[in-house]
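Trainee: The lines below spell out each chain.
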Amino acid sequence: MQWRNVTVFLAGKCLRMATLLTALCLLSFFLLRLSPIDPVQAYVGADMLQVGPEQRARIAEYWGLDKPPVEQFLHWASAVVRGDFGTSMIFRRPVLSVIGERFGASLFLMGAAWLLSGLVGFTLGVIAGMRRDTWVDRMIKWYCCTLASTPTFWLGLLVLTVFAVWLGWFPVGMGVPAGLLAHEVTLGDRLHHLVLPVLTLSVLGVANVALHTREKLIDVLASDYVLFARARGEAGMTLFWRHGFRNVVLPALTLQFASFSELFGGAVLAEQVFSYPGLGQTIVEAGLRGDVPLLLGVVLFSALFVFSGNLIADLLYRIVDPRIREGAGV
Amino acid sequence: MPVLEVNDLSVAFAQYESGLRRKELTVISGLNVSVGSGEILAVVGSSGSGKSLLAHAILGILPGNARLAGTIRYRGETLTPARQAELRGAELALVPQAVTFLDPLMRVGRQVRLAARGSDPTAAQRAVFARYNLPPAVEKLYPFELSGGMARRVLVSTAVVSGAQVVIADEPTPGLDEAALRETLGFFREMADAGRAVMLITHDIEAALRVADRIAVFYAGTTIEVARAEDFADTGESLRHPYSQALWRALPRNGFIPLAGFQPANCNLVAGCSFQPRCPRAATECAKAEPPPRVLRGGMVRCHYAS
Ligand code: SF4
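Chains W and B supply the protein sequences, listed in that same order.
Read in order, the letters of the first sequence are residues 1 to 330 in the working numbering.
Read in order, the letters of the second sequence are residues 1001 to 1307 in the working numbering.
Think of the hints as simulated: they come from the structure by calculation, not from any bench.
Glycine is no exception: its CB is placed at the ideal position from the N, C-alpha and C atoms.
Please note that the accuracy of each hint is not assured.
Between beta-carbon pairs, the in silico distance windows are [as the list claims (entries may be wrong)]: (1) W:R131 with B:P1136: 39 to 47 Å; (2) W:I312 with B:G1261: 54 to 62 Å; (3) B:A1123 with W:N5: 30 to 38 Å; (4) B:G1048 with W:L157: 56 to 64 Å; (5) W:T238 with B:G1048: 31 to 39 Å; (6) B:A1180 with W:R246: 28 to 36 Å; (7) B:R1021 with W:M17: 23 to 31 Å; (8) B:G1163 with W:V120: 30 to 38 Å; (9) B:G1064 with W:L315: 33 to 41 Å; (10) B:G1064 with W:V120: 24 to 32 Å; (11) W:C145 with B:A1014: 22 to 30 Å.
With a Cα cut of at most 25 Å, we get these calculated SDA-like pairs of lysine to any residue [stated by the list, open to error]: (12) B:K1288 with B:T1026; (13) W:K141 with W:C25; (14) B:K1140 with W:R318; (15) W:K141 with W:L211; (16) B:K1140 with W:I319; (17) B:K1140 with W:W241; (18) W:K13 with W:R323; (19) W:K13 with W:F305; (20) B:K1023 with W:T134; (21) W:K13 with W:S308; (22) B:K1140 with B:G1195; (23) W:K13 with W:C25; (24) B:K1140 with W:F240; (25) W:K141 with B:Y1016; (26) W:K13 with W:F29; (27) B:K1140 with W:Y317; (28) W:K67 with W:L21; (29) B:K1140 with W:L316; (30) B:K1140 with W:R323; (31) B:K1140 with W:L239; (32) B:K1288 with B:A1306; (33) W:K141 with B:G1064; (34) W:K141 with W:R131; (35) W:K141 with B:P1063; (36) W:K67 with W:S35; (37) B:K1140 with W:I324; (38) B:K1023 with W:D133; (39) B:K1140 with W:R246; (40) B:K1140 with W:L250.
Could you build all of it, start to finish, from the sequences and the hints given here?
Mentor: Written as structure tokens, this is what we have:
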């Protein structure tokens, strides 16, 4: 294996990542400056009437809001480089600890949805491709095309209405039962709260992988090498495992990793609908209440998350596909 | 008795034109060929004339929208689709033309072993690689890493390890240089000499003549003549059909005399004899009725006026 090439490739990617993040920080920072939300007001909230002008000025000074924007940005950026993301205004805790906690919850949600949608989507795609133009294929295609045009929040509300409100099988929202102390919450409770958001996210995530896998499998089945395999007497599932599977699983995996952005986007909406205390909900809160350090932190973090997905997808091809791994180079 | 016998074979494809009007496109019609053990039969026809479909029809791997008529017999037994499925890869083997017929993500050694039907696939694969001068390291390579020569030998190996008694090679000598051509043709001669029946489907009549025992000339979806290789000699007067003669005379060494016109793209476009628009000997009879196949001087011909 050509590790040197992989190293060069990784270095290039990291450079790209650094430039991307810098640009993203600049953009978000100044977009926030332009937003009509007054951070001080957002911070103080309903108590605004009781806060006098001097107090406001003091708050602004405390957060560094009285400095010119460029200075504020540089101040923030240099702190970030040192690993200090500042303090969240809403939570009054270091941004990193907020993100860490919220991301943990989101990771649970997104990971479960990612696995489930990947497995189910791939299986459906394979069945549709193998049984092309039969009623099974048409059903799967219809299901996927319908889902592909369904908004996450709408499906979330639907799922919530049916399973939580009408049937009462699952809690209406939140990550843990209300009114319990942290140490009283069991893993079962957490999973119980996770079911509906995961369901919503994965039901939607299935469509992409399934349709993509179906297309790929149909291409593979029409290829010269499958024709030759059939000429050698291979058929059915043997043929699929020998020649179909390995030729469609890699594109499916790649697609699944490259779709981290959709996954994250879906999670933001699903977490809103289910009031699930994850990173998605945090970003909405931070945005609405002008919590600049937290918002920037989450933006950076989510960019890093999506970028890693793409990076893994690229690396997978380089490590798994022999044509690239043992070929002329990266 | 021939090992493989194809009688009155027709292959048609269902096509849907604008709306739901169903149309049948016939690509092979009334085709007869047979090949015996120890023999090489070359099926020669111009590129893109549907010769590959003959191979796919014999193996039973035509696409789903193809309709097949006529009979295919293996050792006297008429093949049904179920029987074809049993014999594929065991008694009937295909040698495809290019490396694209190998799975790009599987090492070639494993692909050859998967084709082997004996008790020890690995030993069979190593033995055949050794015989074809493929270094042991080749079995660990992926198809994209093979040179053209290696790829050809690997493809031939798949047929050899299967132990199949009928080997159908589809265009196995595309644009090869002299040395490679000689080597590849030698592989097939060797197989025939070992008692196999070999059908060589090709557009290259010169290559076919160097190795084949008999030549079936394919034109507009059917075999218009089956001749012994020796019949292709001198000015071609031993040949029975005007098209075979034209094909022979168009070769560089025979004066490069070209034949005007084009081969019809599929069957039944021309009434009567499908060669009639280009035939120097055509007469009124030719446009009326399609000439039936008949035996002539130890060969077969489809021409009203052949003698
Ligand atoms: S049947 Fe007539 S047109 Fe056809 S090849 Fe013979 S002479 Fe020519």
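Trainee: Next, verify each hint and record whether it holds.
Mentor: Consistency of the hints with the structure:
1. A C-beta distance of roughly 41 Å is found between R131 (chain W) and P1136 (chain B), which places it inside the suggested range of 39 to 47 Å.
2. The supplied range of 54 to 62 Å is met by I312 (chain W) and G1261 (chain B), whose beta-carbon atoms lie about 59 Å from each other.
3. The beta-carbon spacing between A1123 (chain B) and N5 (chain W), approximately 37 Å, falls within the hinted interval of 30 to 38 Å.
4. Separated by about 58 Å at the C-beta atoms, G1048 (chain B) and L157 (chain W) satisfy the suggested range of 56 to 64 Å.
5. Taking the beta carbon of each, T238 (chain W) and G1048 (chain B) are about 33 Å apart, inside 31 to 39 Å as hinted.
6. For A1180 (chain B) and R246 (chain W), the hinted distance range of 28 to 36 Å is satisfied, since their beta carbons lie about 31 Å from each other.
7. For R1021 (chain B) and M17 (chain W), the Cβ-Cβ distance of about 57 Å falls outside the hinted range of 23 to 31 Å, so the restraint is violated.
8. Separation of G1163 (chain B) from V120 (chain W) is about 43 Å and departs from the stated range, judged on CB atoms against 30 to 38 Å.
9. For the pair G1064 (chain B) and L315 (chain W), the beta carbons lie near 39 Å from each other, so the given range of 33 to 41 Å is met.
10. The hinted window of 24 to 32 Å between G1064 (chain B) and V120 (chain W) holds, with their beta carbons roughly 28 Å apart.
11. Against the hinted window of 22 to 30 Å, the Cβ-Cβ separation of C145 (chain W) and A1014 (chain B) comes to about 27 Å, which satisfies the hint.
12. For the hint pairing K1288 (chain B) with T1026 (chain B), the CA-to-CA distance comes to about 20 Å; that is within 25 Å, so the pair holds.
13. For the proposed pair K141 (chain W) and C25 (chain W), the alpha carbon gap of about 41 Å is over 25 Å, so the pair is violated.
14. Of the supplied pair hints, the one linking K1140 (chain B) and R318 (chain W) holds, its CA atoms being roughly 18 Å apart against a limit of 25 Å.
15. Between K141 (chain W) and L211 (chain W) the CA atoms are separated by roughly 7 Å; this keeps the pair inside 25 Å, and the hint holds.
16. Proposed proximity of K1140 (chain B) and I319 (chain W) is supported: the alpha carbons are some 17 Å apart, at most 25 Å.
17. This hinted pair checks out: K1140 (chain B) and W241 (chain W) have alpha carbons roughly 20 Å apart, not beyond 25 Å.
18. Simply put, K13 (chain W) and R323 (chain W) have alpha-carbon atoms about 21 Å apart, close enough for the 25 Å limit, and the pair holds.
19. For a cut-off of 25 Å, the pair hint linking K13 (chain W) to F305 (chain W) stands: about 14 Å separates their Cα positions.
20. Between K1023 (chain B) and T134 (chain W), the direct Cα distance comes to roughly 22 Å. Compliance with the 25 Å bound is thereby established for this hinted pair.
21. Of the pairs offered as hints, the one joining K13 (chain W) and S308 (chain W) holds, with about 10 Å between alpha carbons and a cut-off of 25 Å not exceeded.
22. About 31 Å separates the Cα atoms of K1140 (chain B) and G1195 (chain B), which puts this hinted pair outside 25 Å; it is violated.
23. Note on K13 (chain W) and C25 (chain W): the hinted pairing holds, with a Cα-Cα distance of about 18 Å set against a maximum of 25 Å.
24. Of the supplied pair hints, the one linking K1140 (chain B) and F240 (chain W) holds, its CA atoms being roughly 22 Å apart against a limit of 25 Å.
25. Between K141 (chain W) and Y1016 (chain B), the direct Cα distance comes to roughly 23 Å. Compliance with the 25 Å bound is thereby established for this hinted pair.
26. Among the hinted pairs, K13 (chain W) with F29 (chain W) is consistent with the structure: their alpha-carbon atoms are about 24 Å apart, no more than 25 Å.
27. Pair hint K1140 (chain B) plus Y317 (chain W) holds up; C-alpha atoms about 20 Å apart against a cutoff of 25 Å.
28. Note on K67 (chain W) and L21 (chain W): the hinted pairing holds, with a Cα-Cα distance of about 24 Å set against a maximum of 25 Å.
29. Taken as a hint, the K1140 (chain B) and L316 (chain W) pair is honoured in the structure, with Cα atoms around 21 Å apart against an allowance of 25 Å.
30. Distance restraint check for K1140 (chain B) and R323 (chain W): the Cα-Cα separation of roughly 13 Å lies within the 25 Å cut-off, and the hinted pair is therefore satisfied.
31. Between K1140 (chain B) and L239 (chain W) the CA atoms are separated by roughly 21 Å; this keeps the pair inside 25 Å, and the hint holds.
32. With a CA separation close to 16 Å, the supplied pair K1288 (chain B) and A1306 (chain B) stays within the 25 Å bound.
33. As the CA atoms of K141 (chain W) and G1064 (chain B) are separated by approximately 21 Å, the hinted pair is consistent with the 25 Å bound.
34. At roughly 12 Å between alpha-carbon atoms, K141 (chain W) and R131 (chain W) fall within 25 Å of each other, so this suggested pair holds.
35. For the hint pairing K141 (chain W) with P1063 (chain B), the CA-to-CA distance comes to about 23 Å; that is within 25 Å, so the pair holds.
36. For the suggested pair K67 (chain W) and S35 (chain W), the alpha carbons sit about 17 Å apart, so the restraint of at most 25 Å is met.
37. At most 25 Å may separate the alpha-carbon atoms for a hinted pair to count; K1140 (chain B) and I324 (chain W) meet this at roughly 16 Å.
38. Taking the CA atoms of K1023 (chain B) and D133 (chain W), the gap is near 20 Å; set against the 25 Å cutoff, the hint holds.
39. Pair hint K1140 (chain B) plus R246 (chain W) holds up; C-alpha atoms about 17 Å apart against a cutoff of 25 Å.
40. For a cut-off of 25 Å, the pair hint linking K1140 (chain B) to L250 (chain W) stands: about 21 Å separates their Cα positions.
Taken one by one, the earlier hints fail for this structure at numbers 7, 8, 13 and 22, listed in ascending order.
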